[in-house]
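Taking the hints into account, I'd like the entire structure generated from these sequences.
Residue numbers (UniProt numbering), protein chains in the order written: chain U, 1 to 290; chain G, 1 to 318; chain C, 1 to 382.
There could be a bad hint or two in this list.
Residues from chain U that keep clear of chain G, each with C-beta distances beyond 12 Å, as calculated [stated by the list, open to error]:
{"hint": "1", "residue": "Leu4"}
{"hint": "2", "residue": "Gly57"}
{"hint": "3", "residue": "Leu60"}
{"hint": "4", "residue": "Ala89"}
{"hint": "5", "residue": "Val92"}
{"hint": "6", "residue": "Thr98"}
{"hint": "7", "residue": "Arg106"}
{"hint": "8", "residue": "Gln116"}
{"hint": "9", "residue": "Lys160"}
{"hint": "10", "residue": "Ala166"}
{"hint": "11", "residue": "Trp186"}
{"hint": "12", "residue": "Thr189"}
{"hint": "13", "residue": "Ile218"}
{"hint": "14", "residue": "Tyr256"}
{"hint": "15", "residue": "Gln260"}
Straight-line distance between alpha carbons at most 30 Å, and here's what the computed BS3-like set of lysine-lysine pairs gives [unchecked claim]:
{"hint": "16", "chain 1": "C", "residue 1": "Lys55", "chain 2": "U", "residue 2": "Lys115"}
{"hint": "17", "chain 1": "C", "residue 1": "Lys48", "chain 2": "U", "residue 2": "Lys115"}
{"hint": "18", "chain 1": "C", "residue 1": "Lys28", "chain 2": "G", "residue 2": "Lys159"}
{"hint": "19", "chain 1": "C", "residue 1": "Lys146", "chain 2": "G", "residue 2": "Lys157"}
{"hint": "20", "chain 1": "C", "residue 1": "Lys326", "chain 2": "U", "residue 2": "Lys115"}
{"hint": "21", "chain 1": "C", "residue 1": "Lys374", "chain 2": "U", "residue 2": "Lys115"}
{"hint": "22", "chain 1": "U", "residue 1": "Lys115", "chain 2": "C", "residue 2": "Lys146"}
{"hint": "23", "chain 1": "C", "residue 1": "Lys342", "chain 2": "U", "residue 2": "Lys115"}
{"hint": "24", "chain 1": "U", "residue 1": "Lys80", "chain 2": "G", "residue 2": "Lys159"}
{"hint": "25", "chain 1": "U", "residue 1": "Lys115", "chain 2": "C", "residue 2": "Lys28"}
{"hint": "26", "chain 1": "C", "residue 1": "Lys374", "chain 2": "C", "residue 2": "Lys326"}
{"hint": "27", "chain 1": "C", "residue 1": "Lys255", "chain 2": "U", "residue 2": "Lys115"}
{"hint": "28", "chain 1": "U", "residue 1": "Lys115", "chain 2": "C", "residue 2": "Lys289"}
Worth flagging that the hints you see were computed from the coordinates, not collected in a lab.
Beta carbons are placed, not taken as given, at the ideal position from N, Cα and C, and that holds for glycine.
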Amino acid sequence: MPELMQFLLSGATVGAVYALVALGFTIIYNASDIVNFAQGEFVMLGGMITVFAHMAGLPLPLAALLAIVVTAAIGVALNKLAIEPARGAPVVSLIIITIGASIFIRGAAQLVFDKQLHRFPAFSGDDPIAVLGATILPQSLWVIAGALAVFIGLWLFFTKTLTGLAVLATSNNRLAAQLVGINTSWVMTLSFALSAGIGALAGVLVTPITLTRYDVGIALALKGFAAAMLGGMGSPHGALVGGILLGLLEALTAGYISSQYKDAAAFIVILAVLFAMPQGIFGAKRTERV
Amino acid sequence: MRLSTKSATLLVLALLIVATPFFFPSAYYYRVGALVFVNGIAVTGLVILTGYAGQISLGHAGFAGIGAYASALGPTHLSLPPSLSVLLGAALSALIAFLVGRPILRLKGYYLAVATLGFGILVSMVLANESGITGGPDGVQVAELGLRDLLASLGLKLKAPVFWYAFSGVVLLVGAWLALNLYDSPTGRALRALHGSEVAAKTVGVDVPRVTLQAFVISAVYASVAGSLLALQNRFVTPDIAGYMYSIELVTMAVFGGAGSVFGAIFGAGILTLLPQALTFLAEYEQLMLGLIMVLVMIFMREGLVPSALRLIRGRGA
Amino acid sequence: MMAKLTTTTTLAALLAFGLSGTALADIKIGATLSATGPAAFLGDPEAKTLEMLVKDLNAKGGINGEKVDLVSYDDGGDPNKARTFATRLVEDDEVVAIIGGTTTGTSMTIIPVAEDAEVPFISLAGAIEIIDPVRPFAFKTPHTDKMACAKIFENMKTRGFTRIGMISGSDGFGDSMRKQCLAIVGDYGIEVAADERYGPQDADMTPQLTNIKGTDGIQAVLNPGFGQGPAIVTRNYHQLAIDLPLYQSHGVASKGFIDLAGKDAAEGVRLPGTALLVGDLLPEGDPQKPVVDAYKAEFEKETGTPVSTFGGYAHDAFAILVDAIKRAGSDDPQAIRDAIEKTSGLVGTTGTVTMSPEDHLGLDLTAFRMLEIKDGGWTLVE
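Here is the structure:
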């Protein structure tokens with residue numbers, strides 16, 4: 001029984017990490033139909049900037065805030081310099097642009113920072129909290145709380161705020177959105193700032209657990225992308241559920257079946273779910289324009 | 001006389017393959033050329049899948065991995081000669097593509113992307129984890145193809161890079177010729193109709209699942225052959241060959257050069273294979289430049305290098 | 001190639017007769033290292049070490065009066081790229097020797113190129129396949145994984161452990177060491193009762209450790225792996241309050257590991273390491289002391305980062321090569337190869353190297369020291 005509890009807690013921790021990364025994908029996707037392959041680099045930047053600002057003497061909360069603001073600005077720059085000039089290009093070209101941008105950001109990070117692994121102290125210490133015979137680190141609770149907070153924030157944003165609705169309208173039909181007076185360029189800028197900011201926040205929260213290095217973004221983005229697709233791309237519900245599900249799957253497979261094939265089990269389940277539900281669990285049916 | 005696209009593509013390719021070695025200062029250039037051709041073969045497969053049929057795959061390195069490990073393990077585990085092992089790998093890739101293709105190709109867009117990505121990762125994971133058979137993450141040695149020794153015994157002694165340049169070049173030409181023929185075949189026409197609009201294709205009687213599956217299987221065979229060639233010339237292979245980074249690299253090459261045409265995609269494979277070699281003098285700035293070039297080309301030549309350049313030339317001519 | 005070889009041989013012969021060294025080109029040494037990619041924290045210090053040592057050597061007048069020219073490429077840990085760069089070094093840059101192959105995979109693709117071109121190659125990777133079977137032109141500096149396993153099991157045996165658990169990384173390093181350890185563990189009367197794995201990028205290993213904790217009669221745990229994995233394992237080990245001795249591998253032998261795992265979690269962890277980490281603890285008479293102290297001081301001054309075992313591997317490879325070129329009195333690859341094979345009593349950071357036609361590594365178990373982490377620092381167990 002304590003074993004099961006430990007597996008669940010581990011799954012929740014890892015799942016929350018995936019969910020946080022997955023949530024970052026949703027806004028840009030909702031605004032522009034682009035899956036931003038540089039999302040993992042935002043997560044990396046969040047962690048690395050915090051590490052280096054903290055080493056330079058800034059208190060941790062200030063360093064984290066700086067990391068989020070700087071990363072959001074980089075997100076805006078990415079939109080202005082690479083995505084907007086390519087407006088109207090086929091989606092696959094836009095994907096290559098985001099892949100190119102991710103290579104660029106990694107290349108810059110290894111120059112500006114270094115190639116070593118880093119971490120900074122957990123926010124509330126490293127003393128494990130006992131839960132029904134199992135343990136969880138306080139930082140895991142921060143990550144889980146962060147994922148929930150971002151989820152609620154996004155959900156409110158997309159359903160209750162005018163700006164959020166404008167984002168959705170822009171994605172559905174850019175021209176129509178412009179006709180009803182939505183500043184679509186501003187919507188895109190905002191989406192990139194928010195996505196990058198959420199990515200950086202994820203980086204700040206997970207670094208004490210996962211550690212960070214200039215190239216951690218690739219693996220995180222891969223799992224986050226898979227989680228988002230499992231839940232249904234574009235849906236905050238989907239990102240949260242997909243992330244947690246993926247984490248639990250890995251932990252339970254590692255615990256009960258084989259730690260060697262835990263990643264394989266996760267991808268097999270993703271394939272199975274997509275075969276049964278081709279739009280993911282919470283994905284909206286999008287009709288194809290003819 | 002006007003040349004058809006097909007003859008023009010093959011002619012230009014053949015000329016490039018035969019003529020460039022006259023400018024090679026050392027055998028190293030043959031090695032890079034051979035890599036361009038191997039990537040070109042895999043990318044030609046993606047032209048059929050992505051350019052003709054409009055389906056995306058982020059998992060084709062998985063098939064390259066199957067081909068590579070078939071040529072590595074066939075001789076040691078099944079006592080097959082390497083040449084037969086390559087064919088076995090291609091057959092195995094075709095079979096696996098046929099089996100997974102049916103459910104996977106029902107998915108669209110990003111969902112298809114993540115499903116193919118998952119497939120590729122599963123292949124690389126099996127290759128890394130079944131170390132009893134595959135040698136594990138540290139990789140496994142590959143036997144000599146034997147053709148070079150045969151040529152040597154006939155009096156034609158070639159350095160390894162030179163031999164592989166010629167051999168991969170011939171395979172690439174054959175592969176491009178087959179792909180161009182397919183373009184004009186009934187299947188090719190059905191695929192292009194499908195790419196234009198799936199609904200329209202359906203209404204004119206195209207069996208959509210069947211032709212997309214065909215494209216998927218054919219492209220898998222191309223990737224498998226490319227993987228085999230790479231393993232045979234490196235004489236060593238690790239599960240990295242099936243990794244998603246290589247899958248993404250292949251798609252990037254195709255789109256970068258222009259996924260709609262065989263020549264464009266092969267050209268893209270050439271540029272993106274050469275760039276990292278040309279940029280080594282930048283040392284630590286290499287990644288930065290590579291990313292920047294990718295972004296700039298896709299912004300200013302959004303259909304890919306070759307189609308955009310052709311349009312520019314034609315536009316000026318008219 | 002033949003023609004080129006003869007020219008270099010003739011030139012080398014001229015030099016050997018002491019006619020003149022001034023008209024000659026520099027000695028060109030090649031390197032292909034994983035300065036970026038998943039093995040960057042191995043390859044990065046290796047690349048920096050070589051750069052630093054070459055600069056140093058040239059400032060001191062080079063080898064036999066000739067300057068050394070280093071051509072270094074970053075293969076990103078990709079075996080395919082490593083093969084291409086090795087071809088480039090041999091065919092285009094025409095180097096007389098290659099250092100590198102940060103990982104086993106990259107080293108194994110470089111070997112056929114070096115063998116074909118008959119250029120000596122010194123690998124910086126762990127696996128035993130690189131030198132076993134012995135190939136004429138392939139050498140390496142790090143201990144084999146098997147030696148690390150033997151060192152650990154010897155220590156476990158003296159503490160009376162007979163039943164242990166293992167949790168290994170599924171990357172090349174972890175997988176190779178796991179295999180080597182499982183192959184020899186029986187010789188020490190030890191049984192592996194739990195054998196868990198984790199992915200190199202995993203964020204939490206508590207499920208695997210919970211299973212090890214729940215296995216009956218386990219007396220100690222061994223974690224073959226490198227990168228962030230072992231740091232996270234060590235933290236999770238502490239989180240689950242597992243009260244058994246934890247052994248790490250030589251793959252984490254750097255100050256960075258203690259920082260990443262945290263002082264509390266790393267307390268009491270044992271691992272086989274090289275003299276480099278404990279230079280200040282070595283007794284005055286220790287032959288390795290001057291070598292490791294000099295390298296450590298210089299590397300830390302030059303880069304501002306603490307030394308790691310991996311940079312030490314590059315240091316030793318370069319020392320072996322320079323020593324061989326000096327003794328060969330020529331920069332002919334074949335002569336250098338022959339001289340490398342006759343390396344004897346060369347004191348490096350990893351140990352004292354004595355090679356032979358049957359042994360292209362030249363280290364024994366005494367090169368390893370069993371270390372224990374105490375109060376966030378290293379201590380010697382023996």
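Hint check: lysine 115/U vs lysine 289/C, CA-CA at most 30 Å. Holds or violated? holds, 29 Å
Verify that the Cβ of alanine 89/U lies farther than 12 Å from every Cβ atom of chain G, and report whether the claim holds or is violated. Check fails; 4 Å does not lie beyond 12 Å.
Given the hint that lysine 255/C pairs with lysine 115/U, does the C-alpha gap stay at or below 30 Å? Status holds; Cα separation ~15 Å.
Separation of valine 92/U from chain G, once the least beta-carbon distance is taken, above 12 Å: Its Cβ does come within 12 Å of chain G, the nearest being 5 Å, so this is violated.
For isoleucine 218/U, is the shortest CB-to-CB distance to chain G above 12 Å, so the non-interface label stands? Violated, since 8 Å does not exceed 12 Å.
CA of lysine 342/C to CA of lysine 115/U, is that 30 Å or under? violated, 37 Å
Verify the proposed pairing of lysine 28/C with lysine 159/G, using a straight-line Cα cut of 30 Å. holds, 23 Å
Mind checking the alpha carbons of lysine 55/C and lysine 115/U for me, to see if they're no more than 30 Å apart? Distance of about 22 Å is within 30 Å: holds.
For the pair we were handed, lysine 374/C and lysine 326/C, check the Cα-Cα distance against 30 Å. Violated. Lysine 374/C to lysine 326/C sits at ~42 Å, over the 30 Å cutoff.
Take a quick look at threonine 98/U and tell me if its Cβ sits farther than 12 Å from every Cβ on chain G, holds or violated. Violated: least Cβ distance 9 Å, not greater than 12 Å.
Against chain G, does leucine 4/U hold up as non-interface, every C-beta pair farther apart than 12 Å? holds, 25 Å
Hint check: lysine 146/C vs lysine 157/G, CA-CA at most 30 Å. Holds or violated? violated, 41 Å
The structure fails hints 4, 5, 6, 7, 13, 15, 19, 20, 23, 24, 26 (numbered hints given earlier, in ascending order).
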